[in-house]
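Q: Listed in order, the protein sequences are those of chains E, R, C and Z. For the first sequence, the numbering used here assigns the number 5 to the initial residue and increments by one for each residue that follows. For the second sequence, the numbering used here assigns the number 5 to the initial residue and increments by one for each residue that follows. For the third sequence, the numbering used here assigns the number 5 to the initial residue and increments by one for each residue that follows. For the fourth sequence, the numbering used here assigns the number 5 to the initial residue and increments by one for each residue that follows.
Derived from the structure by calculation, the hints contain no laboratory data. Hints may contain errors.
Pairs involving identical chains hold if they fit within one copy or between any two copies, as the list cannot separate such chains.
What the hints assert, rightly or not - Lysine-lysine pairs mimicking PhoX-like chemistry, simulated, CA-CA at most 25 Å apart:
| id | residue 1 | residue 2 |
| --- | --- | --- |
| 1 | 49 | 87 |
| 2 | 59 | 31 |
| 3 | 64 | 31 |
| 4 | 64 | 49 |
4 protein chains.
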Amino acid sequence: MKCLFRRRKEARPGEIAAAALDLFVDKGFAATRIDDIAARAGVSKGTVYLYFDSKEALFKAAVEATMLPALEEAEALVADDAKPAADMLREFVFGWWQMIGSTSLGGVPKLLVAESGNFPETVAWFHEAVIDRALAAMTRLIEHGIARGEFRNVAAPVAARIVFAPMFSYLVWRRSFEQCLRDLPPADEFFALAVDLLAHGLSAREAAK
Amino acid sequence: MKCLFRRRKEARPGEIAAAALDLFVDKGFAATRIDDIAARAGVSKGTVYLYFDSKEALFKAAVEATMLPALEEAEALVADDAKPAADMLREFVFGWWQMIGSTSLGGVPKLLVAESGNFPETVAWFHEAVIDRALAAMTRLIEHGIARGEFRNVAAPVAARIVFAPMFSYLVWRRSFEQCLRDLPPADEFFALAVDLLAHGLSAREAAK
Amino acid sequence: MKCLFRRRKEARPGEIAAAALDLFVDKGFAATRIDDIAARAGVSKGTVYLYFDSKEALFKAAVEATMLPALEEAEALVADDAKPAADMLREFVFGWWQMIGSTSLGGVPKLLVAESGNFPETVAWFHEAVIDRALAAMTRLIEHGIARGEFRNVAAPVAARIVFAPMFSYLVWRRSFEQCLRDLPPADEFFALAVDLLAHGLSAREAAK
Amino acid sequence: MKCLFRRRKEARPGEIAAAALDLFVDKGFAATRIDDIAARAGVSKGTVYLYFDSKEALFKAAVEATMLPALEEAEALVADDAKPAADMLREFVFGWWQMIGSTSLGGVPKLLVAESGNFPETVAWFHEAVIDRALAAMTRLIEHGIARGEFRNVAAPVAARIVFAPMFSYLVWRRSFEQCLRDLPPADEFFALAVDLLAHGLSAREAAK
DNA sequence: CATGAATGAGTTTTCATTCAT
DNA sequence: TATGAATGAAAACTCATTCAT
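Let the hints inform the model, and build the full structure from the sequences given.
A: Here it is, written out as structure tokens:
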């Protein structure tokens with residue numbers, strides 16, 4: 005019994021941060037009330053302030069605490085293999101969608117876009133800790149393809165961003181236009197075509213003609 | 005003199021809506037104070053309420069009033085010509101960037117993403133009036149390419165979304181990560197490569213091989 | 005034409021005051037907007053300020069200007085005749101109801117009761133100019149009855165107030181509970197019984213027994 | 005100590021409602037500021053909103069919460085005894101004045117008259133819960149007197165209203181013309197004469213003559 | 001004289017934050 | 001630790017009043 009209670013107690017900050025993140029993603033920072041966060045986490049308003057100094061601190065903690073563990077897992081996605089780059093690209097996209105995009109972490113980019121004006125430091129942190137790292141990995145992947153003669157000799161850092169564009173867009177569209185999405189294609193179909201188009205677009209064979 | 009003043013007077017609501025849109029895009033709906041909007045428009049707080057019933061009404065009006073005139077111009081971008089589809093694609097993307105993406109209208113998508121949870125009707129309106137129309141135009145363009153034998157036989161509506169992804173992403177990134185954008189490529193370079201990759205990706209020649 | 009226009013112009017202040025009084029009676033001083041008064045008087049908001057210095061001044065003017073002409077007429081109601089006092093009482097009550105109580109002047113007491121805390125001077129004026137005068141007249145009437153041996157020897161000033169109570173109450177009830185007045189008796193019946201009860205109550209014959 | 009504090013805490017809403025009623029009666033609904041209510045109740049502005057949703061809700065609650073307990077006590081005033089009706093009438097009037105009229109509850113009628121245009125539902129509630137009940141009781145009392153051969157055969161419901169008129173009027177005059185009441189007779193004298201006049205006016209003995 | 005657009009002081013209302021229990 | 005009542009600063013909104021035309 006003591007053990008269960010202990011565990012509960014220690015999990016509190018995490019539960020609060022998770023509840024906060026969900027609500028921030030859904031309604032934005034300003035429109036989310038501490039009361040709502042407390043209610044969703046099943047604690048009282050005062051308890052929130054026991055673990056977090058302020059609403060702003062809670063925002064930053066919620067974003068960072070939720071991203072950090074995911075980052076480690078994500079890193080593993082980009083094992084520098086000797087596989088064909090097109091295959092790696094496909095695996096990267098689908099792996100990301102499964103592990104991150106389709107989970108509740110997928111809401112973070114939308115949230116940071118929305119609050120970019122109000123939380124410059126958090127945005128900067130996210131950019132460094134997540135975006136830059138992901139871009140670097142994708143850049144390496146593309147350079148790997150170029151080196152293998154598989155891909156055309158394009159500007160890899162620019163191409164990396166173009167590869168991320170469908171992933172980012174799908175994520176944000178899904179979260180923002182939920183109500184009017186009769187015809188947003190399912191993720192499988194969307195990403196299959198996206199990878200197909202990008203791989204063909206990058207392919208050296210066509211250009212060789 | 006009288007004429008100038010008259011013009012000023014009649015322009016008031018538009019000036020206020022424009023000021024409001026700028027601030028909403030920058031700081032979000034909740035973090036924007038009516039006082040700030042009034043100050044930016046060069047009027048007093050009371051004047052804002054002379055023309056708009058509430059902050060919410062101002063939000064809706066700002067979005068719709070700014071988009072409507074642009075929509076008409078935008079429609080003209082998609083003249084159903086007999087040109088090669090790849091050329092049309094390039095012209096569409098660059099025309100859009102010049103006329104919309106790089107202007108203050110480019111902030112609207114970011115704003116609606118941010119406030120999607122709080123303004124479902126406005127988001128729905130935008131989806132119908134802007135997104136659906138743009139998707140339809142792009143779908144036609146791709147089908148045109150397929151019909152000419154220029155493009156592969158892909159699912160045009162899905163491909164249309166993939167084409168919009170870099171445009172949407174660049175817009176949003178630019179507005180959201182201004183501070184940490186040392187290495188976001190300039191629009192010209194980004195869109196040149198994006199169009200290049202997508203046109204190659206769609207091209208029927210490679211597949212024919 | 006000029007004549008008509010002139011007349012219209014000169015009548016403006018009175019029209020505004022009348023419109024104001026109606027609205028003040030209906031909604032109270034604070035809940036009445038200058039815009040509404042202007043609209044009801046068929047002029048613009050600025051015009052109201054052409055004739056009245058402030059909303060408070062308009063309140064006072066509306067009350068006083070509407071009461072003054074009525075006061076003169078009312079004075080005539082109490083001709084010190086040699087008639088039986090009971091008859092005079094009956095004539096006074098019904099005459100008052102016809103000339104004042106049932107007209108739009110009947111709203112003034114309710115208004116002054118409502119605003120007594122906010123307009124002490126106007127209330128004081130009304131008390132002196134109207135209530136005191138009316139009480140004095142009624143006191144004289146009762147003393148006349150006592151002197152004739154018709155009425156018992158009661159405290160005339162107190163009895164005068166008791167005589168006014170049904171008149172005042174009917175007026176106020178009528179204006180305040182309009183909505184739920186299924187069973188407020190018609191004025192004729194109410195005042196007939198009131199005069200009957202009071203005349204009998206004052207009558208010396210019963211006491212003589 | 006804990007007990008005292010507890011009691012204090014639970015009494016808060018009632019204290020606020022009481023403070024509100026006092027001020028509403030004095031200055032009217034619109035002219036009363038929430039700040040003033042809070043100050044008089046000895047709490048902060050925010051605390052008022054802890055217990056009441058809005059100023060309007062506070063108005064309704066203040067009226068209803070203050071009247072309800074009084075209604076029960078009041079009901080007991082009209083024990084259907086076998087006493088002479090004239091005695092019952094006297095007891096009713098003086099009992100009412102002691103228990104209600106002279107207390108802070110006595111301000112409610114004035115308040116509802118003043119705000120009748122703005123709070124139709126509250127006025128309707130008061131009419132049903134208070135006025136109709138009181139009229140019914142008084143009507144029964146008069147019918148009792150008629151049945152005993154003590155009173156003349158008058159229309160009892162109309163007479164009931166006439167009996168209430170001095171009570172209502174004295175209440176309202178007292179609260180509205182405080183400043184200029186040099187010569188309003190004291191309650192004892194006023195009601196003694198009122199009861200005397202009405203009892204005589206209703207008496208069957210005189211009519212028999 | 002008449003207008004109505006513009007103003008800004010004053011009020012209601014919300015909600016992050018504190019603190020006694 | 002945990003609670004939730006209490007606070008008050010900050011923001012939306014109203015409307016009497018002014019003034020250029």
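Q: Work down the list of hints and note, for each, if the structure agrees.
A: Hint check results:
For a Cα distance limit of 25 Å, the shortest separation of residue 49 from residue 87 qualifies neither inside one copy, at 52 Å, nor across copies, at 62 Å. Both within a single protomer and between protomers do residue 59 and residue 31 lie at most 25 Å apart by alpha-carbon distance, with minima of 14 Å and 17 Å respectively. Both within a single protomer and between protomers do residue 64 and residue 31 lie at most 25 Å apart by alpha-carbon distance, with minima of 16 Å and 17 Å respectively. For the identical chains of this complex, residue 64 and residue 49 are intra-copy neighbours only, at 18 Å inside a copy versus 30 Å across copies, given an alpha-carbon limit of 25 Å.
Hint compliance for this structure: hint 1 is the single one not met.
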